[in-house]
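Asks: For reference, the chains in residue letters:
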Amino acid sequence: MKAKDLMIPLQDYLTPDNNLREAVNRLRTAVRGEDRVGVKGLPVLASDGKLVGILSIRDIIKAIYPTYMSMMNLGQFSWDGMLENLARQAGGRKVDEFMTRDVITAAEDDPLMECVDLMFKHNVRRLPVLDRSRRVMGMIYERDVFFAITKSMLEENSGGEK
Amino acid sequence: MTEHATAAVTQIVMGPVFWIATVLFLATYALIIWEKVHKTIVAIFGAALMIVAGIMTQEEAFYSIDLGVDWNVIFLLISMMIIINIMKPTGCFEYLAIKSAKIARGQPFMIMAIFSVVTAVVSAFLDNVTTVLLIAPVTLIICQALELDIVPFLISEAISSNIGGTATLIGDPPNIMIASKAQLDFMAFIYHLTPVIIVVLAAYIVSIKLIFGRRMTVKEELRLRVMAMDEKKAITDPILIRKSLVVLAVTITGFVVHGMLNLQPATIALFGAGLLLLVSGNREPQKILAEAEWASLFFFIGLFIIIGGVVKVGLMKWMAIEVLKITHGNLFGTTMMVMWFSAFASAFIDNIPYVATMNPLIIDMARQLWPNLEGVALLHHPDLMPMWWSLALGACLGGNGTAIGASANVVVIGMAEKMGHPISFKKFMLYGMPLMIESVIISTLYVWLRYYVFKF
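Sequence order for the protein chains is B and A. Counting from 1, one number per residue, gives the positions in the first sequence under our numbering. Counting from 1, one number per residue, gives the positions in the second sequence under our numbering.
Worth flagging that the hints you see were computed from the coordinates, not collected in a lab. Among the hints, a few may not be true.
[Unchecked claim] BS3-like mimics (lysine-lysine), calculated; alpha carbons at most 25 angstroms apart, straight line: (1) Lys427/A <-> Lys94/B; (2) Lys2/B <-> Lys62/B; (3) Lys287/A <-> Lys36/A; (4) Lys36/A <-> Lys40/B.
[As the list claims (entries may be wrong)] Derived DEER-like restraints, expressed as beta-carbon distance ranges: (5) Lys209/A <-> Thr67/B: 25 to 31 angstroms; (6) Trp294/A <-> Arg88/B: 40 to 46 angstroms; (7) Arg215/A <-> Arg88/B: 55 to 61 angstroms; (8) Val453/A <-> Arg88/B: 56 to 62 angstroms; (9) Thr67/B <-> Pro434/A: 28 to 34 angstroms; (10) Thr67/B <-> Glu35/A: 37 to 43 angstroms; (11) Asn123/B <-> Thr236/A: 49 to 55 angstroms.
[To be verified] From the derived model, a few chain B residues whose C-beta atoms are all more than 12 angstroms from chain A: (12) Ile60; (13) Met69; (14) Phe77; (15) Gln89; (16) Arg93; (17) Arg135.
The beta carbon of each residue, even a glycine, is placed where N, CA and C say it ideally should be.
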């Protein structure tokens, strides 16, 4: 199987100008298989369709996690309601500020093992799949790789048909 | 006087070596200001070129007290970095800041004032950037607990750290460099600079009360959030804190008496760092040592060699003579010019290369004025002393003028931006420049009254 066979074809994406409120809503309702069950990361495309970044739920959490807390031991001085309050404040900020710009991508004809290699080497859980003209065709998520593995394993155990 | 100066200028040979060194020096400074290449890389490469081009010998660059790397500065900085890097994870700074906020009873202006004083006092003993990096994160969580605008707090802390750093020999790199070149000890700084800094700080607190004080109010329930914080929870290693405080006390006592002991400040600091490494039971010194700011340290090393080159060829001497021509050898006028020029220069350029350049310039100026004197008799000439203090005051306080004037300003602006509250160059200057001018006016009055009117 190749990257393009496993990927979810591009349907949902973000733009750098989206604010985080729009972004979380799209992440929450993105198409996955038949249903709109949501995904944990979406590509960010500029107006000309070029891939400029990727935004994951981790980026969203980072967006509301104040930098100063990472600088010192301040966790014990936070309070009930702090996270919710910061989340409300961050809602209007732009995707552009928080997206990961160095996107690790797969090419449409990459074998699945290469995709897994990319995920491990770069510590990412999803890869945009690019066609030969470097346009985003779709996304490969860690979970889909897992499904591919599950499928192979279970087929073998059940007697290796097909 | 002018005759004297003209006679001296003929001694400078403005041959190819002079021009190569001058061009190298100017090119280095231009690249540092341009900021496209990291300043440390510029300094290292420039220094290497000074030696390769034959301006300086390696012997001079590495070992000469007059021309080479000032290891007194380097070892003092490294040692203080080691001490602070051991203390940082213990939680003592979080404790100090949370405790301060509670002493202020969660009242916004009281917090700002107390934090400014704490920042200034800590800055007097630690590097300004380090201080800001230790106090600002706690300030920010308190501002958010109180739902206050973070910008005034961040600006006021950067400025107070620059003010506090001016007070002592070890507070700010310009002072460390001046102390080393002028052979001034820790107590001399306490005696001559600390009094004026206390006045500057007091005036500063009054000023921020007028600027920010009236706009800040806070709801009772939010105040309770701060009062509910338990500062004791910050402490992760009470034993190491006790050890660190003892070593810190020993080190500061060492600074106080280093003149009497005939030991250089770097020796005292190295002793403190060595002692704390020993008693902290650290098994991996590599980690603590790696955390030292090597980029800054190498910036100093490179700069010293580059400046050494232009001192050797006589550029500094030539400049010293030119300055004396402008002021007609009037020492009070020269001193005032040094202070105000230093303040405005430091507001726009890095005060470290500035002071590294001014030190030999002032020494060359002194040689022009008192050609028969040498060593301490020359460096500590009663008429020269106000100039050293004016250089320190101008160069350190000048950093408050603009967003790029001091590293502490750059750090808080970076923090504010990450928090989604960018502070523009103009906005910083709107607060910084008047506060800087206020502090330099106070310093001017101080220097004039103390050294020219009452003469003590």
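Asks: Decide, hint by hint, whether the structure agrees.
Replies: Consistency of the hints with the structure:
1. Lys427/A <-> Lys94/B: holds (23 angstroms)
2. Lys2/B <-> Lys62/B: The given pair, whose Cα atoms are some 32 angstroms apart, is violated under the 25 angstroms limit.
3. Lys287/A <-> Lys36/A: Cα-Cα ~30 angstroms, so violated.
4. Lys36/A <-> Lys40/B: Violated, because 38 angstroms separates the two Cα atoms, which is more than 25 angstroms.
5. Lys209/A <-> Thr67/B: 25 to 31 angstroms: With Cβ atoms ~29 angstroms apart, the hint holds.
6. Trp294/A <-> Arg88/B: 40 to 46 angstroms: holds (42 angstroms)
7. Arg215/A <-> Arg88/B: 55 to 61 angstroms: violated (23 angstroms)
8. Val453/A <-> Arg88/B: 56 to 62 angstroms: Roughly 59 angstroms apart at Cβ, these two residues keep to the hinted range, so it holds.
9. Thr67/B <-> Pro434/A: 28 to 34 angstroms: holds (29 angstroms)
10. Thr67/B <-> Glu35/A: 37 to 43 angstroms: With Cβ atoms ~23 angstroms apart, the hint is violated.
11. Asn123/B <-> Thr236/A: 49 to 55 angstroms: Violated: the Cβ-Cβ distance is about 28 angstroms, outside 49 to 55 angstroms.
12. Ile60: holds (14 angstroms)
13. Met69: violated (7 angstroms)
14. Phe77: At about 5 angstroms from chain A, Phe77/B fails to clear the 12 angstroms cut-off, so the statement is violated.
15. Gln89: Incorrect as stated: the minimum Cβ-Cβ distance to chain A is 8 angstroms, not above 12 angstroms.
16. Arg93: violated (6 angstroms)
17. Arg135: Given that every Cβ of chain A is farther than 12 angstroms from that of Arg135/B, nearest at about 33 angstroms, it holds.
The structure does not agree with the numbered hints 2, 3, 4, 7, 10, 11, 13, 14, 15, 16 stated previously, though it agrees with the rest.
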